[in-house]
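*Asks:* Anchor point for the sequence shown: position 84 equals 93 in the working numbering, and the numbering is continuous, going up by one each time.
In short, the hints are calculated from the structure, not lab data.
Everything numeric in this text was worked out from a predicted model, so none of it was measured.
Yeah, the Cβ is synthetic: ideal placement off N, Cα and C, and Gly gets one too.
Everything hinted at is true.
Label-pair ranges, simulated between beta-carbon atoms:
hint, residue 1, residue 2, range
1, Pro113, Ser59, 52 to 60 Å
2, Ala87, Thr62, 19 to 27 Å
3, Val69, Asp47, 18 to 26 Å
4, Pro52, Val98, 16 to 24 Å
5, Ala40, Val69, 19 to 27 Å
6, Asp55, His99, 20 to 28 Å
7, Ala93, Ser38, 16 to 24 Å
8, Ala58, Ile108, 35 to 43 Å
9, Arg114, Ala58, 43 to 51 Å
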Amino acid sequence: MRIELTELTWLDEHRDVTLAELSELSGLSEAELRELADCGAIPPADPGASTQTFGAQCIVAARTAFRLRNDFELDPQALAVALALLERVHALEAELREIRAQLPRRLG
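Build the full structure now, drawing on both the sequences and the hints.
*Replies:* Here is the structure:
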C-alpha cells in the first residue's frame with residue numbers, strides 16, 4: 010500500500026502574498042515570477058508599488074506554471090502563453106456552464 014502526502018494551503022482571496030511567499034508556495038524562483046509578472050501572466054496586486062505583492066489567485070496560476078515548466082520544460086514566455094490559454098479555456102467553460110444552466114431541461 011502506498012501513502013501519498015499532499016500539501017494543503019488555505020487561500021484567503023482577500024490576502025496578498027509577497028514575491029518571496031509566492032516563490033515558496035509555487036516552487037518557482039523569484040526571477041521566474043518576475044518574468045511572468047512582466048509578461049502579464051501573473052499580475053501584481055499593485056503594479057506601481059515599490060514591493061510587489063500578488064493576490065491569492067496568483068498562487069494557483071504560479072503552481073500551474075511550475076507544473077507546466079517541469080512537465081514540458083517551458084521558458085517564462087511560453088509559460089505566459091500557456092497560462093493565458095488556460096485562463097481563456099476556463100472562462101469559456103464557465104460561460105458554457107452558464108448557457109447550459111439557462112437552457113430548458115430536455116424531457117425524455
